[in-house]
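Colleague: Listed below are the residues making up each chain.
Number of protein chains: 2
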Amino acid sequence: MTEHVQIRELAEHVGDDVSVLGWVHNLRSSGKVAFLIVRDGTGLVQGVMSAGDVSPEVWERLEGLDYEASVKVGGSVREDERAPGGYELSLTDLEIVGPSAEEYPIQLKEHGVDFLLEHRHLWLRTPRQVAIMRVRDEVVKAIRDFLYEQGFVNVDTPILTGSIGESAGTLFETEYFDLGAAYLAQTGQLYNEATAAALGRVYCFGPTFRAEKSKTRRHLTEFWMLEPEIAWCDSECNMRIQEGLVCYIVERAVERCRDLLENELERDLSKLASARAPFPRLSYSEAIERVQSLGSSIQWGDDLGAEDETLVAQDYDRPVFVYNYPKQAKAFYMKENPDDPRTVLCDDLIAPEGYGEIIGGSQREDDYDRLLARIREEGLPEEAYGWYLDLRRYGTYPHSGFGLGLERTVAWICGVPHIRECIAFPRTLNRLYP
Amino acid sequence: MTEHVQIRELAEHVGDDVSVLGWVHNLRSSGKVAFLIVRDGTGLVQGVMSAGDVSPEVWERLEGLDYEASVKVGGSVREDERAPGGYELSLTDLEIVGPSAEEYPIQLKEHGVDFLLEHRHLWLRTPRQVAIMRVRDEVVKAIRDFLYEQGFVNVDTPILTGSIGESAGTLFETEYFDLGAAYLAQTGQLYNEATAAALGRVYCFGPTFRAEKSKTRRHLTEFWMLEPEIAWCDSECNMRIQEGLVCYIVERAVERCRDLLENELERDLSKLASARAPFPRLSYSEAIERVQSLGSSIQWGDDLGAEDETLVAQDYDRPVFVYNYPKQAKAFYMKENPDDPRTVLCDDLIAPEGYGEIIGGSQREDDYDRLLARIREEGLPEEAYGWYLDLRRYGTYPHSGFGLGLERTVAWICGVPHIRECIAFPRTLNRLYP
Numbered sequence: 152m153t154e155h156v157q158i159r160e161l162a163e164h165v166g167d168d169v170s171v172l173g174w175v176h177n178l179r180s181s182g183k184v185a186f187l188i189v190r191d192g193t194g195l196v197q198g199v200m201s202a203g204d205v206s207p208e209v210w211e212r213l214e215g216l217d218y219e220a221s222v223k224v225g226g227s228v229r230e231d232e233r234a235p236g237g238y239e240l241s242l243t244d245l246e247i248v249g250p251s252a253e254e255y256p257i258q259l260k261e262h263g264v265d266f267l268l269e270h271r272h273l274w275l276r277t278p279r280q281v282a283i284m285r286v287r288d289e290v291v292k293a294i295r296d297f298l299y300e301q302g303f304v305n306v307d308t309p310i311l312t313g314s315i316g317e318s319a320g321t322l323f324e325t326e327y328f329d330l331g332a333a334y335l336a337q338t339g340q341l342y343n344e345a346t347a348a349a350l351g352r353v354y355c356f357g358p359t360f361r362a363e364k365s366k367t368r369r370h371l372t373e374f375w376m377l378e379p380e381i382a383w384c385d386s387e388c389n390m391r392i393q394e395g396l397v398c399y400i401v402e403r404a405v406e407r408c409r410d411l412l413e414n415e416l417e418r419d420l421s422k423l424a425s426a427r428a429p430f431p432r433l434s435y436s437e438a439i440e441r442v443q444s445l446g447s448s449i450q451w452g453d454d455l456g457a458e459d460e461t462l463v464a465q466d467y468d469r470p471v472f473v474y475n476y477p478k479q480a481k482a483f484y485m486k487e488n489p490d491d492p493r494t495v496l497c498d499d500l501i502a503p504e505g506y507g508e509i510i511g512g513s514q515r516e517d518d519y520d521r522l523l524a525r526i527r528e529e530g531l532p533e534e535a536y537g538w539y540l541d542l543r544r545y546g547t548y549p550h551s552g553f554g555l556g557l558e559r560t561v562a563w564i565c566g567v568p569h570i571r572e573c574i575a576f577p578r579t580l581n582r583l584y585p
Numbered sequence: 152m153t154e155h156v157q158i159r160e161l162a163e164h165v166g167d168d169v170s171v172l173g174w175v176h177n178l179r180s181s182g183k184v185a186f187l188i189v190r191d192g193t194g195l196v197q198g199v200m201s202a203g204d205v206s207p208e209v210w211e212r213l214e215g216l217d218y219e220a221s222v223k224v225g226g227s228v229r230e231d232e233r234a235p236g237g238y239e240l241s242l243t244d245l246e247i248v249g250p251s252a253e254e255y256p257i258q259l260k261e262h263g264v265d266f267l268l269e270h271r272h273l274w275l276r277t278p279r280q281v282a283i284m285r286v287r288d289e290v291v292k293a294i295r296d297f298l299y300e301q302g303f304v305n306v307d308t309p310i311l312t313g314s315i316g317e318s319a320g321t322l323f324e325t326e327y328f329d330l331g332a333a334y335l336a337q338t339g340q341l342y343n344e345a346t347a348a349a350l351g352r353v354y355c356f357g358p359t360f361r362a363e364k365s366k367t368r369r370h371l372t373e374f375w376m377l378e379p380e381i382a383w384c385d386s387e388c389n390m391r392i393q394e395g396l397v398c399y400i401v402e403r404a405v406e407r408c409r410d411l412l413e414n415e416l417e418r419d420l421s422k423l424a425s426a427r428a429p430f431p432r433l434s435y436s437e438a439i440e441r442v443q444s445l446g447s448s449i450q451w452g453d454d455l456g457a458e459d460e461t462l463v464a465q466d467y468d469r470p471v472f473v474y475n476y477p478k479q480a481k482a483f484y485m486k487e488n489p490d491d492p493r494t495v496l497c498d499d500l501i502a503p504e505g506y507g508e509i510i511g512g513s514q515r516e517d518d519y520d521r522l523l524a525r526i527r528e529e530g531l532p533e534e535a536y537g538w539y540l541d542l543r544r545y546g547t548y549p550h551s552g553f554g555l556g557l558e559r560t561v562a563w564i565c566g567v568p569h570i571r572e573c574i575a576f577p578r579t580l581n582r583l584y585p
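As given, the protein sequences belong to chains A and B, one line each in that order. Those letters in the first sequence? Residues 152 to 585, by my numbering. Those letters in the second sequence? Residues 152 to 585, by my numbering.
No wet-lab data here; the hints were simulated from the structure.
A pair counts as met if it fits within one copy or between any two copies, since identical chains are not told apart.
Result set (SDA-like, lysine to any residue): computed pairs, CA atoms no more than 20 angstroms apart in a straight line:
hint: 1; residue 1: K292; residue 2: Y399
hint: 2; residue 1: K364; residue 2: T325
hint: 3; residue 1: K292; residue 2: G302
hint: 4; residue 1: K223; residue 2: D517
hint: 5; residue 1: K478; residue 2: R521
hint: 6; residue 1: K223; residue 2: R212
hint: 7; residue 1: K481; residue 2: L523
hint: 8; residue 1: K481; residue 2: R525
hint: 9; residue 1: K223; residue 2: R544
hint: 10; residue 1: K364; residue 2: F328
hint: 11; residue 1: K223; residue 2: L213
hint: 12; residue 1: K366; residue 2: L330
hint: 13; residue 1: K183; residue 2: P207
hint: 14; residue 1: K364; residue 2: D329
hint: 15; residue 1: K364; residue 2: Y327
hint: 16; residue 1: K366; residue 2: D329
hint: 17; residue 1: K223; residue 2: A252
hint: 18; residue 1: K223; residue 2: C388
hint: 19; residue 1: K364; residue 2: L330
hint: 20; residue 1: K223; residue 2: D385
hint: 21; residue 1: K366; residue 2: E326
hint: 22; residue 1: K478; residue 2: E440
hint: 23; residue 1: K223; residue 2: I188
Please read these numbers as outputs of a predicted model, since none were measured by experiment.
Hey, can you work out the whole structure from these sequences and the hints?
Modeller: Printed below as a string of structure tokens:
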């Protein structure tokens, strides 16, 4: 029996007889020679089969071969510059493991996005989707490596929560035994404000939920968010950590996924090369002036919308910080700015090229009385925040943190316009299947 | 201004004047000398203050100091073998950042577990809980490093799902816009059977949910599970990967968290040192015979209960595989054993010392007709499994995977009897707060 090797390992097996297990990506035949492209999740390889080199029985198996049939092919590995991936197989054997007898739903022609989403379990097999998933994986690993090296402790926060979070009205609700309603967490931040007082620097990184009726290319009802929380760190320190993290992620993705980005996703890597520290910084008021001068009707006090973000970003070749927003536009837990109490100590990081906000961060309100007043102003259920207020009652401390949207970050790095392609099984207003 | 250093960095600052930001862990005073133990999440350090060395104003601040007040202390770093952590601060300054004026709820005396769980946000600050959280973090990082090195791609699977999963009746349910009910996923496996056909080797690692009315020391309603799924891998290959992963995790945790395990958690590390491959393997039938001989009333066909698992495990100093359970005791998606169709190709990995099952794995049923028959036998909603059946319709392939319970694994490594201490904010039948 020949050795089973993954396609990405072929370079180490030039001249060897090997077998590859995978799926039929394409098949062309010209009389007595067939060109069979097989993929196995680690790459694509072309196999060349001559009718004269194999038994009639093996040659006939080509007839029954449809897209995405699973196969075991055997042959010797040849280096060939012209071949996709740089290596080719001279085939001597072919076994069909699992046929794909009916017409395979996803053909090379263009399909509508609804059709593709309905067949997401198969759409994911196409090279573009494989590339996005691999970049996502690299981004996740880069984030975790960066934080580990910096002494952050991963603390997973609960999804099932009492009535606590960013905003009511956009919460998914479920019955929780005899305890009444539980809500799916929109953030782990509040919980990790507790654990940062135990461990110093912490982060959670998991799914978060918004029951929002938004139908934009930047919204999902379920998405992954990284949320570091840092003890003894003010807003300035917070922005420095964000900057360092984002630079690291982009550099790692470009370094380790260059081929996928450049060739499969056709990403212009020069646009990512400019994402270097320091990132420009604009105060909210400066940003408002700028977008007003560009024709936006936004007024001081409003949050920046997607279009305003694009206007702010167009002046820069790298992500830009907009900091210190008006209190009314932001969440209750952000710390009042001592130099301008109309505003809070916070920042949004806006990606270039119209990819929009990828990070929202802030210094947290660490004053018990101010925080309680804000909870009351917002009409939040005070009793649910008892433990959160305790953090200001027992050894309160300056701390900051931020949330990085994983799918938005991957969309920017990959140059993908819609974040629904940046998660394996997107959940939107109209989609819960597959 | 003196440099702010973390306690774990003190070794690099011997002889320097530094400041440490943290919380008061303990305070003893004998007339003119005070001993102040501060923790900052990275460690504990003792500061020694002599009344003669500081201004009366600073000395008086000691009076107002309660447990868990947050402080900034300044002083010079001295090496001292007798000190906890090996270094001491000769204090010259003390500022109270956030007092802890009311009596701090958690005192050095013993508290009941309900009281501690109600104050989980503060309980987490105690050294034992800090140690468990740090070991958990190391285990998570070790898992991700291991899989990354082995070419696995992290693919996050959805939490919000249609009616698909392990078993009805133990699902949390939520309204999903106009699409009716959605359920919180009990597993990501089925989704990653699709992505393994796209990417080869994949894993998800996130929260999973069971609305079970179980009240045991091994159950949570929300817990984290690692689920690798591996293309072209049979049950034998699956067990080898599990074995390699578990050995790696244990070795990494012992290597990088030795001090916490040995000194804070008082774990007998010799018990972990024996967790080396190969792990013993027992067929289900052999396991039944053994536990019957030890007095269990279990019958062939029953799943092993917690007590049976403990009986099986007591013969070994390392985890033990029990493989090929009866079909009736296991999930519908497990592949029928061709050598004994009463059983399926699966394995449970049972930790030693009574910590119970930490992994459940199986080869998946890759035959369309057999899988459909099993779905019908179990009375599962066939239409919801349309996409899952597609994986057997288009290029079916042999594949296997497993689920590793994170909290159970951490409990075993830490030697903690109840898994509720192995997650930051445990969710149980009676607990949704904090």
